[in-house]
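> These are the residues of each chain, in order.
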Amino acid sequence: MEINVELLIGTKVRDVNGKSVGRIEEIRVERDEKACLVDAYLIGASALMERLSAWTLVRPIGRFLHSRKLYSLYRVPWQDMDLSDPRHPRLRIAASDLRHAK
Amino acid sequence: MKKALQIALGIVTSVGGFLEIGSVTTAIQAGAAFGYQLLWALLLGTICLIFLVEMSGRFAAVSKHTIVDATRERFGFPFFFVVLVGMVLVAFMVLVAELGGIGLSLQILTGLGFPWWAIPVSFVVWLLMWKGTFSLIENGVSLLGLVTLSFVVAAVRLHPDWGGVAHGLVPTFPNDQKAKYGFLAVSILGASISPYLMYFYSSGAIEDEWDESYIAVNRAVATLGMSFGGLLSMGVLVTAALALKPNGIHGETFEQAALLMTTAFPKWGLFLFAAAMLVACLGAALEISLAIAYFFAQGFGWSWSQDLVPSKNARFCFTYTIIILVATVPLLLGVDPIKVTMMSMALTAATLPLAIFPFLFLMNDPIYLGEHRNGWVSNSIVAVIIVISFVLALISIPLEIVGG
Amino acid sequence: MDLVRDVLDKKLVDSEHCEMGRVDGLVMSLEEHSQPRITHIQIGGTTLWMRVHPVLGNLAAKLARKWGPRRAEPVRIPWSRVLTAGRDLKLHVKARETGAIDWEIWIARHIIERIPGGGHEEAE
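Chains as they are written, first to last, in this note's numbering: chain X, 1 to 102; chain L, 1 to 404; chain G, 1 to 124.
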């Protein structure tokens, strides 16, 4: 199955119990000579950003703020993300099991 | 020596950006109505521009990317698209005003109405971009731009009260006509702090192949270049205060504005005014057309360079060709360039946050700027400019309606 | 490497230092029980406008089918062609062969070259 990464960015993610967790803000990959493999998904956790997130003008700023470590992201290993419906990504774990990204 | 000549980029940016139909007409109206009282607005505009232009030059020299490149790369396409629409629409209006300004200047010189000049003027502007290299445009406009020094000469010849001038550099409140005062203050700032200046300057830095070694030069060029423009605008205001105000001339039409220099230069005044306006508007028209085309080309990743033969950067050249063609239409229809000018000043002020806000983030980005990113001084200045731009954005449209 | 920060929207440069647009999209291949991989870079108006709003994306696709200088699909470049990803992405391809600059070439040949002084896009 093929997914458009640029459309995946910004979609809301729910955990295994249906609870809303945040939006996919970044995708971390490992590169080797042959391929580019997805390592983890970074999900924006700040409630304020979440509420403002739908607005095109604010999300990129929020993403920038992450790089200044002003708002937190969760790191979801690729195994824990279910993308069978790319428009409604779901975690395979509960929100409480999420780890913060570095 | 080569670095010293880079001052030309500063001057051309300044002449085209700072001294053009918008700033001249607002400065004239300000001087004619309020004497020296609004000089502080020009000073504030100059200071803001020095910082903004220095930053855009530093950004380009260090990162080898333009602001537009970085806006797309950092904020993504949808955000970039919103900024593009806002910036291009307003810049386009200003372009129409500038082309009209060239036409009005020719109308004064020849007596032939400006709609008749619309097509020849647009053709010449287009031809200069089609055939000319960046250096030709940069140095040509800078040299020709020296004729605008006549504004300062005129002001000095009229023996201004220098104490009064100094007083005007400090903000004061008027006793009456408050809405008009506010409107002119906002218009002066909108006319001075035009985002297309930043985009043009940062692209120019890339065209001139600046690198990290140009950082000090950039600071000098931005300061001297923008100060040149600021000084000239102040010259216009002071001249208007001395020549037009006492005679009750408001300077709200181009014909009235043209009387600016006739007190100081009874024989040559009209000619000097028309010549100076012609050069200033020509510089501005070139700068804006290029800035709009740069915006599209850099945002979408097309090749772009004034030094390339057109077919090597086809989409870029096609863009500025279409822009100029479309800009000619309102002028052919006889739309008044002065009215377009006044509207575009207010709209520039209203859309300023869209340009400056992302800029603050970019100037702090370590990936692009490394150790050359903004220190707390520069960041504070940008923050102040953002506050000013939000205030302007809120009050410009209401003031345009009430005081315009 | 982070895709949004380091790859998406970055400029693409071919093996001859020719500018060939920007990374407008990325294709991820997802298979059951295996690690997702990035397989292609996508370039093109349709991809771009889809990011702003699906309505614009569908409109862009329709227009491209009618008027585009080439087939309607967006240009895809295999990830294996990426040499380096620094500030710009360098690719081991020739821009002309990918279709990424088809519009540039079309406008050059049909419009720009027909105007005196336009030059020739193939000349060295």
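Hints should not be assumed to be uniformly reliable.
[What the hints assert, rightly or not] Below are the BS3-like pairs computed for lysine-lysine, each with C-alpha atoms no more than 30 Å apart in a straight line:
{"id": "1", "chain 1": "X", "residue 1": "K34", "chain 2": "G", "residue 2": "K62"}
{"id": "2", "chain 1": "L", "residue 1": "K131", "chain 2": "L", "residue 2": "K180"}
{"id": "3", "chain 1": "G", "residue 1": "K62", "chain 2": "L", "residue 2": "K64"}
{"id": "4", "chain 1": "L", "residue 1": "K245", "chain 2": "L", "residue 2": "K339"}
{"id": "5", "chain 1": "X", "residue 1": "K12", "chain 2": "G", "residue 2": "K62"}
{"id": "6", "chain 1": "G", "residue 1": "K11", "chain 2": "X", "residue 2": "K34"}
{"id": "7", "chain 1": "L", "residue 1": "K267", "chain 2": "L", "residue 2": "K178"}
[Claimed, not checked] Covered by chain G, according to a simulated footprint, are these stretches of chain L (three or more residues, beta-carbon under 8 Å):
{"id": "8", "segment": "65–76"}
{"id": "9", "segment": "300–309"}
[Claimed, not checked] Only part of the chain G face toward chain X is listed, based on derived beta-carbon distances under 10 Å:
{"id": "10", "residue": "L3"}
{"id": "11", "residue": "L8"}
{"id": "12", "residue": "V27"}
{"id": "13", "residue": "W79"}
No lab work stands behind these hints, which were simulated from the structure alone. Quick caveat, the model's predicted, so the values are computed rather than measured. By construction, the Cβ of each residue, glycine as well, lies at the ideal position given by its N, Cα and C atoms.
> Okay, which hints does this one fail, numbers in order?
1, 2, 3, 7
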